[in-house]
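Mind docking chain A on chain W? Use the hints.
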Amino acid sequence: MDHKDFYNLGRKIDLLEGNPSEAELRTSIGRIYYYVYHEILRWVNCETLLLNAYYESEILSTHKRLIDTFAKVSKNTQKLIYGKICRLIGALHTLRCNADYQLHQKIDMQTYKSTLANFEDLKEACEQLRPDMFQIDINTISETLGTTQTTNAEIKVKKRTIRILD
Amino acid sequence: MIIIHPSFFLGRYHMAQPMVEKLPEFIVTEGRKDLSLEKFTYLNNLIKKMNLVRIEDKAEALNRTGIIYTYMNDFYKALESFQASLQYGCTEISFSNYLQALERIGEYKKALNEGEKYLDLHPNNRRVFQTLFSIAHKYPSDSSRSQVLKFMNYQMDSSNFDSDYKNIKDELESEMALLKNLEIDLEYYNLISNLAFVEVKKIQIGPVDFHTFLNDAAQLSIMIVAKGISTSDIRLLNKNFDLRIQELIDNNVISFDKYAEQMTKFVHSFGIASDVTEAA
Chain W
1 MDHKDFYNLG
11 RKIDLLEGNP
21 SEAELRTSIG
31 RIYYYVYHEI
41 LRWVNCETLL
51 LNAYYESEIL
61 STHKRLIDTF
71 AKVSKNTQKL
81 IYGKICRLIG
91 ALHTLRCNAD
101 YQLHQKIDMQ
111 TYKSTLANFE
121 DLKEACEQLR
131 PDMFQIDINT
141 ISETLGTTQT
151 TNAEIKVKKR
161 TIRILD
Chain A
167 MIIIHPSFFL
177 GRYHMAQPMV
187 EKLPEFIVTE
197 GRKDLSLEKF
207 TYLNNLIKKM
217 NLVRIEDKAE
227 ALNRTGIIYT
237 YMNDFYKALE
247 SFQASLQYGC
257 TEISFSNYLQ
267 ALERIGEYKK
277 ALNEGEKYLD
287 LHPNNRRVFQ
297 TLFSIAHKYP
307 SDSSRSQVLK
317 FMNYQMDSSN
327 FDSDYKNIKD
337 ELESEMALLK
347 NLEIDLEYYN
357 LISNLAFVEV
367 KKIQIGPVDF
377 HTFLNDAAQL
387 SIMIVAKGIS
397 TSDIRLLNKN
407 FDLRIQELID
417 NNVISFDKYA
427 EQMTKFVHSF
437 GIASDVTEAA
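Protein chains in written order, with the working numbering: chain W, 1 to 166; chain A, 167 to 446.
Think of the hints as simulated: they come from the structure by calculation, not from any bench.
Note that this is a predicted model, so its numbers are computed, not measured.
Quick reminder that beta carbons are idealized off the backbone N, C-alpha and C, glycines included.
Wrong hints could be hidden among the right ones.
Simulated coverage check for chain A against chain W, where a stretch passes if three residues somewhere in it have a Cβ under 8 Å from a Cβ of chain W [said to hold, decoys possible]: (1) 250-258; (2) 374-387; (3) 403-414; (4) 428-436.
Chain W on its own, in the form it takes in the complex (with noise of 0.2 Å):
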């Protein structure tokens, strides 16, 4: 299977008539987060400098052991762009676990929208060492699409700043 197919069913919301519902996104997300680690994984599997950093690590999670990777050839390299690549696999990958696993949490088409534009900044960081990534076309959504109601989210830590006001 061409893990391509992922990336087409989490974006197949946008041609819905009408809102998504809240399944429909928490699956777009997690099917995003996945094309985007296969194919991130077929990239490491075929550069030596990331394969070595890749089998180097006797972490058993293999989301992690990516993660992982990406911090090891930037300290190496001492390259920020390797470390911008793993800060947004690292944000991905957790919008995907409250998408999976968070079910009291909110997730709506704002989720959604950046999930596409962390994504979109990810897809740009790789195509910067390796032009050939993501060969899709990523067509970000409008602004101006529709939000679905969810339910109250329950948030492990909440921090919330004030307004300066008058």
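This is chain A only, laid out in the frame that chain W set:
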């Protein structure tokens, strides 16, 4: 013989010193800042008018000037204005703004200490406590936790006690335990949190939430979620955030090794807040 100028009777001298100008609606409206040249010109003119007010209006005019500079992302001038405002008369509002201005220039520790000093004298002050709490919660440390807890009881005794604070103690303690367990360098963590927060405040007016989550790669993820921003703003924030990190490395404020080592333990990212108001 004393000659009184006729304009005195016409109130000309009085009129030469205008009342404090109101702040324009766009400055206090939640959402994306409009940092266009047109708005900057307008705001600079407004600052000039604020300088002309009567001495009794100085404190308020300087406080509003600080708010204008904050909107314009000139955080140092905002700080100066709030400090000057306090010289003419300290209010809880201008003091809270002063604390937030300190946070925006990276002086969050000083903000916490100043907030503590104020609350030592006025322990029941709700607004300053909220500001102190808001800052302390973003920058966890043993001292920021104790600064919040020191004044918690005064807030809890209040008749309109905010239920948001009910679980503060447990929250702060569990967060500290988690950060220590993950062996996160708190000084570094707080520095990067401040950097990310300030980048958001450069483009947005309104609430900003820190959503902290431990993902199944055992990495703490801090998503800074802001209202009224767009997907292109997230991309701008990502770009500016990485540029600021690069500057810190270039200026030897942080080492590359520290950056890479801590990256596996926590990451910051940006998101758009939900349209529907969340329960606190």
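Problem - Claimed coverage, the stretch 403-414 of chain A by chain W - three or more beta carbons nearer than 8 Å - result: holds (count 5)
Exercise for the section: With a C-beta cutoff of 8 Å, work out whether three or more residues of the stretch 250-258 of chain A approach chain W closely enough for the coverage to hold. Expected result: Violated - the stretch 250-258 of chain A has 0 residues with a Cβ nearer than 8 Å to chain W, which falls short of three.
Exercise for the section: Check, residue by residue, whether the stretch 374-387 of chain A contains three or more positions whose beta-carbon lies closer than 8 Å to a beta-carbon of chain W, and give the verdict. Expected result: Holds, because 13 residues of the stretch 374-387 of chain A bring their Cβ atoms closer than 8 Å to Cβ atoms of chain W.
Exercise for the section: Given that the stretch 428-436 of chain A was listed as covered by chain W, double-check it with a C-beta distance under 8 Å for 3 or more residues. Expected result: With 6 residues in contact (Cβ-Cβ under 8 Å with chain W), the coverage given for the stretch 428-436 of chain A holds.
In summary, the structure is inconsistent with hint 1 from the numbered list given earlier, while agreeing with all the others.
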